[in-house]
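Undergrad: One-letter residues, chain by chain:
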Amino acid sequence: DTGVSQDPRHKITKRGQNVTFRCDPISEHNRLYWYRQTLGQGPEFLTYFQNEAQLEKSRLLSDRFSAERPKGSFSTLEIQRTEQGDSAMYLCASSRDSPYEQYFGPGTRLTVT
Amino acid sequence: GNSVTQMEGPVTLSEEAFLTINCTYTATGYPSLFWYVQYPGEGLQLLLKATKADDKGSNKGFEATYRKETTSFHLEKGSVQVSDSAVYFCALSDRSSGDKLTFGTGTRLAVRP
Numbered sequence: 001d002t003g004v005s006q007d008p009r010h011k012i013t014k015r016g017q018n019v020t021f022r023c024d025p026i027s028e029h030n031r032l033y034w035y036r037q038t039l040g041q042g043p044e045f046l047t048y049f050q051n052e053a054q055l056e057k058s059r060l061l062s063d064r065f066s067a068e069r070p071k072g073s074f075s076t077l078e079i080q081r082t083e084q085g086d087s088a089m090y091l092c093a094s095s096r097d098s099p100y101e102q103y104f105g106p107g108t109r110l111t112v113t
Numbered sequence: 114g115n116s117v118t119q120m121e122g123p124v125t126l127s128e129e130a131f132l133t134i135n136c137t138y139t140a141t142g143y144p145s146l147f148w149y150v151q152y153p154g155e156g157l158q159l160l161l162k163a164t165k166a167d168d169k170g171s172n173k174g175f176e177a178t179y180r181k182e183t184t185s186f187h188l189e190k191g192s193v194q195v196s197d198s199a200v201y202f203c204a205l206s207d208r209s210s211g212d213k214l215t216f217g218t219g220t221r222l223a224v225r226p
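Going line by line, the protein sequences match chains L and G. So for the first sequence, the working numbering puts the first residue at 1; every next one is plus one. So for the second sequence, the working numbering puts the first residue at 114; every next one is plus one.
The shape of chain G in the complex, shown without the other chains:
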């Protein structure tokens, strides 16, 4: 079956530091890959996505590249801000299974001023 593994948190960084959150996946088909973010007290929001190998998703300074050879979709940002403090979820969906999302366990990011 499908599964997503992401690095455990919490991750604590100083403002303007470089961020990487690792995500690897296992899928039987050709999945689409997503990063969702959950800010304190808010619902899940789509941050970025990639639908095929070598695609790069980007939004709000965050980037992730769909790497089929390493089955990875690592999230990166060059300079984090305090407002980026949130829980980040890596997820995949597979059209052959109704596009339901399979999520990782989430990584909490705390950015210090």
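Isolated chain L, as found in the complex:
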């Protein structure tokens, strides 16, 4: 069990650029979640997948955000036309089907300058 991995760990980008993050879940986990955490706050839910199907998206996920999980394995989160307000830690978590607990990756810290 290698745990949840995320890449990159840090990303600095200029406002208006596009960025893409990758998450590799624990291999037998069919649920994958994305959260966003800003300084001094708890993580906030963005979206989740059951296998390759995206089942729910938060209102936090504007049209500039898109997530995919093409083969039910790894997932990508893309942010287009980044804004300074997108600066945050983006966390990925995976789990087996309900009611199993979620295991978190180390996160990708995004800084938009």
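Derived from the structure by calculation, the hints contain no laboratory data. Where a beta carbon is used, it is the ideal one built from N, C-alpha and C, also for glycine. Some clues are possibly wrong.
To be verified - Result set (DSBU-like, lysine-lysine): computed pairs, CA atoms no more than 30 Å apart in a straight line: (1) G:165 to G:190; (2) L:57 to G:165; (3) G:181 to G:162; (4) L:57 to G:162; (5) L:57 to G:181; (6) L:57 to L:71; (7) L:57 to L:14.
What the hints assert, rightly or not - Computed footprint of chain L on chain G, listed as stretches where at least three residues anywhere in the stretch have a Cβ under 8 Å from a Cβ of chain L: (8) 156 to 165; (9) 217 to 224.
Chain G: place on chain L using the hints.
TA: Chain G alone, transformed into the frame defined by chain L:
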């Protein structure tokens, strides 16, 4: 909607002191309750959980009891160590909403030798 409220930090204690971090929740269904911990420079780790009323979760000397009548899940430890210094997050998940986690804002604990 679901929400979690936890006591603000930072909490500063001397080694071997008793710890309580308060957590209350609001949920429309029958949630599972969790405490996650984030050590400096590390990702979120599940500390303990409880899935139904009156359940007690425990791990590493930490305990929390699911109290439906007071909608609370307070974290306790009888004797803290310097190595317990971290940020602690209370969270809930609800099967009716895809088991996504709703987090509190976190409580930073600092333990002095």
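Undergrad: If a hint holds in the structure, say so; if it does not, say that too.
TA: Hint by hint, here is what the structure shows:
For the suggested pair residue 165 of chain G and residue 190 of chain G, the alpha carbons sit about 21 Å apart, so the restraint of at most 30 Å is met. Restraint check for residue 57 of chain L and residue 165 of chain G: satisfied, since their Cα atoms lie roughly 27 Å apart, inside the 30 Å limit. As the CA atoms of residue 181 of chain G and residue 162 of chain G are separated by approximately 14 Å, the hinted pair is consistent with the 30 Å bound. Distance hint between residue 57 of chain L and residue 162 of chain G is fulfilled; the C-alpha atoms sit about 25 Å from each other, no more than 30 Å.
Distance restraint check for residue 57 of chain L and residue 181 of chain G: the Cα-Cα separation of roughly 29 Å lies within the 30 Å cut-off, and the hinted pair is therefore satisfied. Proposed proximity of residue 57 of chain L and residue 71 of chain L is supported: the alpha carbons are some 19 Å apart, at most 30 Å. As the CA atoms of residue 57 of chain L and residue 14 of chain L are separated by approximately 26 Å, the hinted pair is consistent with the 30 Å bound. Beta-carbon proximity to chain L at under 8 Å applies to 6 residues in the segment 156 to 165 of chain G; the threshold of 3 is reached and the given coverage holds.
Check on the segment 217 to 224 of chain G: 3 of its residues sit with their Cβ under 8 Å from a Cβ of chain L, so the three-residue criterion for coverage holds.
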